[in-house]
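Participant: Spelled out from the first residue to the last, the chains are:
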Amino acid sequence: MVNKSNIQEAELALEAGAVEFEPETPDVYGDAHPKDLLRKIPEEHDVLKELSNKHIATAAQFEKQTLLQLFRLSAKYESNPDRFSTPLKGKIMISAFYEPSTRTRLSFESAWHRLGGDIMSITDRSTTGIAKGESLYDIGEMFNNYGDCVVLRDNDENSVVEMMESLRIPIINAGNGTDEHPTQALADVYTILKWRPEIMMGDSQGIKICIVGVPSKMRTIRSLLTLLSRFADAIAEVVIIHDGQTEELFSPGQKEKLEEDGLKIHTKTMLSDCLHEMDVIYINTISWVDDDIETIGEGFKLNASSPLKKGAIILHPLARGDELDTSLDETPHNWYFAQARGAVFIRMALLTCITRRTDRVMDVL
Amino acid sequence: MVNKSNIQEAELALEAGAVEFEPETPDVYGDAHPKDLLRKIPEEHDVLKELSNKHIATAAQFEKQTLLQLFRLSAKYESNPDRFSTPLKGKIMISAFYEPSTRTRLSFESAWHRLGGDIMSITDRSTTGIAKGESLYDIGEMFNNYGDCVVLRDNDENSVVEMMESLRIPIINAGNGTDEHPTQALADVYTILKWRPEIMMGDSQGIKICIVGVPSKMRTIRSLLTLLSRFADAIAEVVIIHDGQTEELFSPGQKEKLEEDGLKIHTKTMLSDCLHEMDVIYINTISWVDDDIETIGEGFKLNASSPLKKGAIILHPLARGDELDTSLDETPHNWYFAQARGAVFIRMALLTCITRRTDRVMDVL
Amino acid sequence: MVNKSNIQEAELALEAGAVEFEPETPDVYGDAHPKDLLRKIPEEHDVLKELSNKHIATAAQFEKQTLLQLFRLSAKYESNPDRFSTPLKGKIMISAFYEPSTRTRLSFESAWHRLGGDIMSITDRSTTGIAKGESLYDIGEMFNNYGDCVVLRDNDENSVVEMMESLRIPIINAGNGTDEHPTQALADVYTILKWRPEIMMGDSQGIKICIVGVPSKMRTIRSLLTLLSRFADAIAEVVIIHDGQTEELFSPGQKEKLEEDGLKIHTKTMLSDCLHEMDVIYINTISWVDDDIETIGEGFKLNASSPLKKGAIILHPLARGDELDTSLDETPHNWYFAQARGAVFIRMALLTCITRRTDRVMDVL
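Protein chains in written order, with the numbering used here: chain A, 5 to 369; chain B, 5 to 369; chain C, 5 to 369.
Take the hints with a grain of salt, since some may be wrong.
Each computed DSSO-like pair below joins lysine-lysine, with the alpha-carbon atoms no more than 27 Å apart [said to hold, decoys possible]:
hint, chain 1, residue 1, chain 2, residue 2
1, A, K93, A, K53
2, A, K93, C, K93
3, C, K68, C, K221
4, C, K272, C, K305
5, A, K261, A, K58
6, A, K93, B, K93
7, C, K68, B, K93
8, B, K305, B, K68
If you're looking for bench data, these hints aren't it; they were derived computationally from the structure.
Predicted model only: the values in this text are computed from it and were never measured.
Excised from the complex, chain A in its bound form (with noise of 0.2 Å):
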């Protein structure tokens, strides 16, 4: 912990260089070749431009083909991150995060940004019509005039559906209530992807998977057990630890619809039961409950000590608490940076794919 004489250390030390900093990434923070991907999928835009005039609104929406071009797309961003510039140039986004949020905000609009877009942000929700009873039916129509898309975040998880009764526009749901986050479930599996490209064909041995946390309460585990089952072929079984207290782990028929395409599910209360045999374990311990943080499975923790098989992968969505500790963060195990750093790469595809703008980065028309 810095405190004030260290304060005048550091001034010292800055005087002495050490306001210098490495711009470089480093290898251990799993560099997550994207250019594998890019050469294993073969590029097909048709796929692409059936997301032309539709809504981002659930996991569910997504069959594998369409991810696999989406992730096609991200792994030409993410390899070659300076090249496109222009092709959202003309088009504005309408940033709402009426739900507190800088990560995924950040992680839109700077996606958004990179693409030469323009944005503008609402993150107060008492400054907008809401606040003087307006309808969200009224705000949706609103909004089809001001901007080309909207990226939503709200704790009312009927927000979203209710605008896309009247918007003309495509929204995207960034997280609503416990409901679902799409995006965030999309940069999940591309880094799962990046890691072994292999699991597209179906991988005859296949993938053991953890996830720590309630798939009926956390949208995060909500959206990525529906786009995991996508790649069922290649996943050996899914392990959901939970700590024992929620009654109902899965929303009605969530586990039912999981297994009939495909998932192998099992739950367990002790994490050190299977940690060692996992090749990814995803943890989460943060749910969203209105506006409260309701933390759930305190007792789920992840260090350099825990028995993890060697090459196995740590994923979190972050931001992270004591659940996973910092001693994991220069180790091979450590996907979760790479797993933020690329959410942007596949927002940036999304982005380009729901304003119509794939013909700017295809590499054949």
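Fit chains B and C to the supplied structure of chain A, relying on the hints for placement.
Facilitator: The following block gives chains B and C in isolation, referenced to the frame of chain A:
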């Protein structure tokens, strides 16, 4: 009202393809024939150049000739929404909304972005020097260094005039207390002229306009009446419908000035008395008094069963409450959505003039 | 003070043409002859390139040579305000102002926009991961993915040093608690050099500088004294005027270091004792302590009757209170408005350097 089981149904629907949306604007929303206005008004650049060193503080500063040229430029923008993307390149707007707003702020910011400019937003008065006791004069002097244009909305109706003392860049009054809202009035009259371009010529028959609200207390109405007086020769009468609760319907001298300028004004308390005769019905129930919403005229509501004249149009600056029922949205009377859409283009026109960039968009220099 | 009947008078005046404004800056505002500096300092690109992998945390990191090159680039920008509109094209600034500010934030954002860059703003600490207990280290790692540069102002004076631990993009300290405000000091000294370019050469006569305030408690003064020490050979004396209320005028070692670097420092409690001898008077009454404004030195005020030396200049970082009377605004002593204006150009220069874009603006590569 959407509830949790509806969400799951909605999700199933989403999976089935209900994330699709229709990007085309329905015909019924008063397409507002901007091309007609474009043809009927000859371009006169000199008139627009007179705005180049003017603040936009009050509707009273606009004569008929200036209005027609602004409407012509708005119509040019509305007819060619993608053509003019660079007139404001290199220009910075300071968007200062001390009084909560999303609609007006996004309307201005969208207009500025569409023309290629950059924006800096201040949405929280407490972060400004005002909170530190800084004078508005000093804040104006500060703004001179940072931007090319200021757009200000403030509960305090004196702010805009005080800042004009030191500003050397133009400021637009985007609503000051209960005083004025000139650009809203510009949008309102632009809509009326798109509906009946003949008004410009001085229609011998004359249209009948009904305004529901209190001119002394509502800035949108104050500004609107002033602009309507420029077209008094085409207006048979203006009927003010109020609820009989407010003592002084007009500010001192307000009614006299309007009548001197040619408007024939009547007041009534029963909307039903005259509704069937009206060509334009303008409603606006909410009035901002300090930081509270004061609701006036709750007894005056319109819906699809109201005895409207065939071809009559309804205007409302929005956000709306119960006074304007959604049953009217799909009828030909709905020109309030076209009014909101046109507001972006009229602001584009005004902003182009005050930043001295009209030479980039005129047909003939 | 404007009141309601004045508003109506103002409106009549507005109708009569009083919405006009004068866009030209008055001569009396210290035009600050940037061209002189431009001619007197030879360009040395290598010196600026040394900033390309540096954070900007403390005034102490700037040597005289670097200062001169930064001032030269600022002077180039100030002399040609419209010429350089694209050096930061494609670059994203993360503008994080956790401590309320409008002046400094708009100054930075204006500088960045003028050079063609894009901006993402965080103005509410409660929306960030900090509110969720996220470490500053993790926030720095997040920022690495989203932008090219961070500008941070925080009550917590440790934030900038803590974030430097993980940042791989440059961060500028825009004011941390009572510690430092390096870019304000750069703007202050830039102004002094525009006033007397000879200072660079080491004037044999030496100017006398008077600073009203407490160096141990005011970040603007701490940073300013450090930069002034780089020009100690041209400064006859620095007189600190304080109100005798504060126990420790200087932080431990602060005065000794400055004297070691050549400044001759005296302290007094009576401004009137020496005012008539001073060439530069720097006042700054407000000091931020945590989230409250602590007002220091209320007894020290300047106005047009103060016995100022002919040709003396007054500097104030603004916002001002009673300590700097408006009667001085129209006098040749007013260099505080020029100081604010120049602050945008010095920030443009610094931002160009830390984003490694100087090659786009040098005369010779």
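Participant: Next step is simple, just say for each hint if it's right about the structure.
Facilitator: Each hint tested on the structure:
| no. | hint | result |
| --- | --- | --- |
| 1 | K93(A) x K53(A) | holds, 19 Å |
| 2 | K93(A) x K93(C) | holds, 13 Å |
| 3 | K68(C) x K221(C) | holds, 25 Å |
| 4 | K272(C) x K305(C) | holds, 15 Å |
| 5 | K261(A) x K58(A) | holds, 23 Å |
| 6 | K93(A) x K93(B) | holds, 13 Å |
| 7 | K68(C) x K93(B) | violated, 37 Å |
| 8 | K305(B) x K68(B) | violated, 32 Å |
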